[in-house]
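Participant: Below, each chain spelled out in residue letters.
Number of protein chains: 4
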Amino acid sequence: MSGNSIGQNFVVTTFGESHGVALGCIIDGCPPGLELTVEDMQRDLDRRRPGTSRYTTARREPDEVRILSGVFEDKTTGTSIGLLIENTDQRSQDYSNIKDLFRPGHADYTYQQKYGLRDYRGGGRSSARETAMRVAAGAVAKKYLKQVHGIEINGYMSQLGPISAESVDLNEVEQNAFFFPDASKLEKLDEYMRDLKKSGDSVGAKITVAATSVPVGLGEPVFDRLDADIAHALMGINAVKGVEIGDGFGVVTQKGSEGRDLMSPAGFESNHAGGVLGGISSGQPIVAHIALKPTSSISVPGQSMTAQGTTADVVTKGRHDPCVGIRAVPIAEAMLAIVLMDHLLRHRAQNQDVVSQTPVIGMK
Amino acid sequence: MSGNSIGQNFVVTTFGESHGVALGCIIDGCPPGLELTVEDMQRDLDRRRPGTSRYTTARREPDEVRILSGVFEDKTTGTSIGLLIENTDQRSQDYSNIKDLFRPGHADYTYQQKYGLRDYRGGGRSSARETAMRVAAGAVAKKYLKQVHGIEINGYMSQLGPISAESVDLNEVEQNAFFFPDASKLEKLDEYMRDLKKSGDSVGAKITVAATSVPVGLGEPVFDRLDADIAHALMGINAVKGVEIGDGFGVVTQKGSEGRDLMSPAGFESNHAGGVLGGISSGQPIVAHIALKPTSSISVPGQSMTAQGTTADVVTKGRHDPCVGIRAVPIAEAMLAIVLMDHLLRHRAQNQDVVSQTPVIGMK
Amino acid sequence: MSGNSIGQNFVVTTFGESHGVALGCIIDGCPPGLELTVEDMQRDLDRRRPGTSRYTTARREPDEVRILSGVFEDKTTGTSIGLLIENTDQRSQDYSNIKDLFRPGHADYTYQQKYGLRDYRGGGRSSARETAMRVAAGAVAKKYLKQVHGIEINGYMSQLGPISAESVDLNEVEQNAFFFPDASKLEKLDEYMRDLKKSGDSVGAKITVAATSVPVGLGEPVFDRLDADIAHALMGINAVKGVEIGDGFGVVTQKGSEGRDLMSPAGFESNHAGGVLGGISSGQPIVAHIALKPTSSISVPGQSMTAQGTTADVVTKGRHDPCVGIRAVPIAEAMLAIVLMDHLLRHRAQNQDVVSQTPVIGMK
Amino acid sequence: MSGNSIGQNFVVTTFGESHGVALGCIIDGCPPGLELTVEDMQRDLDRRRPGTSRYTTARREPDEVRILSGVFEDKTTGTSIGLLIENTDQRSQDYSNIKDLFRPGHADYTYQQKYGLRDYRGGGRSSARETAMRVAAGAVAKKYLKQVHGIEINGYMSQLGPISAESVDLNEVEQNAFFFPDASKLEKLDEYMRDLKKSGDSVGAKITVAATSVPVGLGEPVFDRLDADIAHALMGINAVKGVEIGDGFGVVTQKGSEGRDLMSPAGFESNHAGGVLGGISSGQPIVAHIALKPTSSISVPGQSMTAQGTTADVVTKGRHDPCVGIRAVPIAEAMLAIVLMDHLLRHRAQNQDVVSQTPVIGMK
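Residue numbers (the working numbering), protein chains in the order written: chain A, 1 to 364; chain C, 1 to 364; chain U, 1 to 364; chain Z, 1 to 364.
Rather than coming from a laboratory, the hints here were simulated on the basis of the structure. Watch out, some of these pointers could steer you wrong.
No copy labels: a pair is met if it fits in one copy or bridges any two.
[What the hints assert, rightly or not] Simulated crosslink set (DSS-like; lysine-lysine; CA at most 25 Å straight-line):
| no. | residue 1 | residue 2 |
| --- | --- | --- |
| 1 | K255 | K188 |
| 2 | K185 | K197 |
| 3 | K255 | K317 |
| 4 | K185 | K255 |
| 5 | K143 | K188 |
| 6 | K99 | K75 |
| 7 | K75 | K146 |
| 8 | K317 | K99 |
| 9 | K198 | K255 |
| 10 | K197 | K255 |
Looking at chain A on its own, in the form it has when it is part of the complex (with noise of 0.2 Å):
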């Protein structure tokens, strides 16, 4: 299996370059019988859609996606979906000034020197446009967990620069641009965002995603722990430097004594693991906390270097969003939603016997 493909039984494949003609992903493994319009995949596509807030990128893409196969009847049939969203918004743009510039920050250089060539307008297959269609795959995951095993995965920003979220209140999370819990600092993120984006510059995140209701015993040690795989899912979206499960790198100076998650046939005590225990679900929500670069598009000018090895100064103009991580918090969500369907199916392939079968032990 090569790059593009994400999970084993629950198998995501995905193509599309931020210029090209489509955008398309093929979701193998999917149950069958599960009701699925396109409907599902809108919300979630809306949500990380550009130019839907002042803070992120004008670019105007209607992201509206296609189901091509699969479905029948508005139900999965078990064969393979393919999905295809048209990019409307390739402009003929004058690439040019681009084309043999290795820009700071970027995956211009790194990509010319793998692949010999590459497609240069707007990043090609590096530009962050590939996550609609994580989206869209992931909301199939999702409508999937919530239905038959009544799992709820939600993200939010929890820092951005330096304003923290001091609370998390659920239900602000999507009253607001920023996908941010505490509505009592958005007045702040509003005054640091005008300052930011006059000064040219961007930002860093700090972006959280929980799944609820998890069954026990998701994950498949040594290798594939349930942790282990949910670092690969959100480490692999554009720009992020960091994956915590559960207290993360607070672990460091923590006690024993102080890091364990107590236990009593009434459940667990605390939550300090983030729902993973020897990399399998615990039952306890699935926490995990992931770290986004600012973005690296910007106008305060870089140096760097062309292909013809002559040194350049970089300055992008046009509109970029400011802080990547705003959009973050849908494909965040969706490679949760992903994993965790995976090894769903993961799970009952292996242990179907014990999930049919045995009485779960404690834990009222």
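Fit chains C, U and Z to the known structure of chain A by using the hints.
Facilitator: Only chains C, U and Z this time, still in chain A's reference frame:
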């Protein structure tokens, strides 16, 4: 492929429990013609081995690895390599006290629920004992990477509880029991650990691992980016709760103008990215950090429950590492080596034409 | 990886049903820098297309393929290639008559039982319509194999019902509607097919496919031998019931002294092995034969049952190929190309050092 | 995943050479709770073992398998199962005569060319010796399939050289050294083999293997059809040159009205299809046939060449099976079991909702 394998072209599959007959692994896909003897693996196995300092468990396991196949006249033949370490320390200890007990912070509960039964002796498969085979397999990867590409992989402890390394001298790392790169902190570490042992508690740690001389071009976007696969491999090590590449969570508060690595024909001017751009190695050192939680086996009592659903108090007797992070250094190195090796083979599978024909652009 | 993907380093994933919106595929792992346009695929798509002779179904589908990604300025970029063929012939035909009917010889019953529901229009996913995408993907592999290694892949019909080719002239193959290599039998074939159509019946066929100039060394023992993967790919074509490599079932009555291919520094003296020794290509032509069962859709009535559990008589009206084997030639070529391409990449992943350094022994 | 693994959810990975230290395998994904002891594997290992009759090689290998992990208190735990067979017959024989010789019909030449070096002792990895581990792993699959689904897998020799079984009595199969199901032919077989040995030659064979009580629904179209994966597994056995499902090559001359299996609510009226329709099991017995070429090691001289590029005459001394097909029966059974086991797990991963909720339609 199920969860006990890692890699796609360089595939490592392991088996073995803490108190089983033996640990073993199969390496499939190793290039032929590599000189290989047990000595190549023994050094790292000895570095990982418990009982090498007074701060790691006193369990004595010689961890002598045997090569069972895939090597002929001291050279790899390209066929699958079988490795075996017999467990010599299988004292017929009495485990009846933990047979029905779910120790907090351990995988007892999740293994029991996932599989319906478990080998409870010493944690069975969930014990860090299995990492011995990772270290053996990693040593094979390390040797090839070093010999064919001059790649060096080095790890060290960058923080133990509250004590951080303030300088990094790789020559110091092997000179002390902590794999600590800052000799000026050794006395403090010693004192801290003595107090910790006295209190019967444990503490977390942060490990840094880096690879130099990695060629440009490794990594398979969009899902199997090099950093995503590194995150998968490192988060899959026992007790790891966080993974960072380059600046990691530091990017959250960074400005775009601060965090990008400017470049010129002479090379990059900094390495905030940790050697990966767009999921592909940039030629700079690959740098990753991991957070390890404190050992869960401590003598401070903690509440738990039994398989029968009753409440129980857990006190772990016997000698356990007060900081599992210490032994994690060679394990992290091994996992990074396995990922780089796999990606080197994946890269040349697709891009051999580029590798052998195209001159590398820029970066004198 | 689920069942709609084939290959490990050159991975082809497909979707699409007979009467769905479109057929599509993603090729992941294609080497960059290959010149590629739709014309490269169109020729083989036209060869496979129904309605090209009076002995194949009259359904008119232009089968025009579009490249949606992975190609920039007519060269592959190394990123995933998206291909699409829209179904233009989705007449809103009335399928209510077969909605609840399990046609004998078809996959209606097994799909229904496996998935609990099915797209019954024209056989849905089980229709040979999906093989169009295999042919498109195979054409990409063919082009690379030809360009980089001079590998040629040719198929032909070696037997149709009772009529066997007694001589093989590859130049003849494209000159007749049967892909038949023996012009002296064309009249007989024509007559046989006319009678067959009159009787409303169908017949089986044997197809031979061969590849020349394949380098020594392709194949990954012990399970992914080249012949094993060829068998997988060819047996996976609709209606195929048997696969042979080289002498195939002829070896059952052979003596060891007859069947081995003697060799000298000048090369092999025969090719009983069909180009594979110990699962690895020997440098001789790869030769495979497949048996295709007669079309199950015939107008001779046959007993079956309904989803409601009642008996029913089935008569298929409309025009169907009286011999599905005819159109199988380009499909078999495509599958062989995909397998060789995948193994070429797998081989060089592991053995690039051998490939680039070791002089080939013997075999002038 | 590289070539020494087979399966996706039930994954078998093997290592070991003919004259190496040991053979081993790892089974990953085996359901937990299965009672398993070495006795479960030993019976089939003994059936495969050379030296059990005067028509198989006299090499004495006890082939005693050890379980190293994954089984606790005689039950599988769901973790990876390590199996080991030590090679006790590693006589320090002199192999210098074949060191530089490419024996015709063997894999000497192709291994040397692929890997640049090879373990020439007894054929190394290319020896049929490695199939011992397949038989051990297959026995685990067989036990689960039998216990949970009542599936029975039986193989027999249907033809040896010119002598075909005219009747099939499974009770006869284990009563003679040929696994022959037709007792009336035993004398003739005996005579034929005696003459063959005298002449120093060898002969081919045809083996049939069948599975009964296989549930409807196994198989993952379009590429991993059940028959395609069976073909992969069986063609991957040493010396196999052809695979048939059901009527196999007999379909070439069949009419559509003859070859389809008519059905009624009482079931299918015939089994031309060999239990697979559209790549999915139909509930009827799965029937496959394989063709095995004659042993290449014979005492009839044959021309070959050396690694130095000179001509050489090859005469194999020592005792070798005059018909490798004889020992292939338990191997073919094992491979079929592994494929069915893997597909059972794959099927329930995707379709558990169907499996547990939908009543099976028809087929009383």
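Participant: State whether the alpha carbon distance between K317 and K99 is at most 25 Å within one copy, between copies, both, or neither.
Facilitator: Result: close within a single copy only, 15 Å intra versus 58 Å inter.
Participant: Within a copy, between copies, both or neither: which one fits K185 and K197 at a CA-CA cutoff of 25 Å?
Facilitator: Within one copy only: 18 Å inside a chain, 44 Å across chains, cut-off 25 Å.
Participant: How do K185 and K255 come out at 25 Å by Cα distance, when the copy is not named: within, between, both, or neither?
Facilitator: This pair counts as between: shortest inter-copy Cα distance 20 Å, intra-copy 32 Å.
Participant: Checking K197 and K255: alpha-carbon separation at most 25 Å within a copy, between copies, both or neither?
Facilitator: Cα proximity of K197 and K255: across copies only (12 Å, versus 42 Å in one copy).
Participant: One pair to classify: K143 and K188, alpha carbons no more than 25 Å apart. Within, between, both, or neither?
Facilitator: For K143 and K188, neither the intra-copy (35 Å) nor the inter-copy (53 Å) Cα distance is at most 25 Å.
Participant: One pair to classify: K99 and K75, alpha carbons no more than 25 Å apart. Within, between, both, or neither?
Facilitator: This pair counts as between: shortest inter-copy Cα distance 16 Å, intra-copy 45 Å.
Participant: Could you figure out if K75 and K146 sit no more than 25 Å apart (CA to CA) within one copy, between two copies, both or neither?
Facilitator: within (16 Å within a copy, 34 Å between copies)
Participant: With identical chains, the pair K255 and K317 could be close in the same copy or across copies; at 25 Å between alpha carbons, which is it: within, between, both, or neither?
Facilitator: Classified as between: cross-chain Cα gap 17 Å, same-chain 49 Å, threshold 25 Å.
Participant: Can you tell me if K255 and K188 fall within 25 Å by alpha carbon in one copy, between copies, both or neither?
Facilitator: between (35 Å within a copy, 17 Å between copies)
Participant: With identical chains, the pair K198 and K255 could be close in the same copy or across copies; at 25 Å between alpha carbons, which is it: within, between, both, or neither?
Facilitator: between (45 Å within a copy, 13 Å between copies)
Violated hint for the displayed structure: number 5, the only one.
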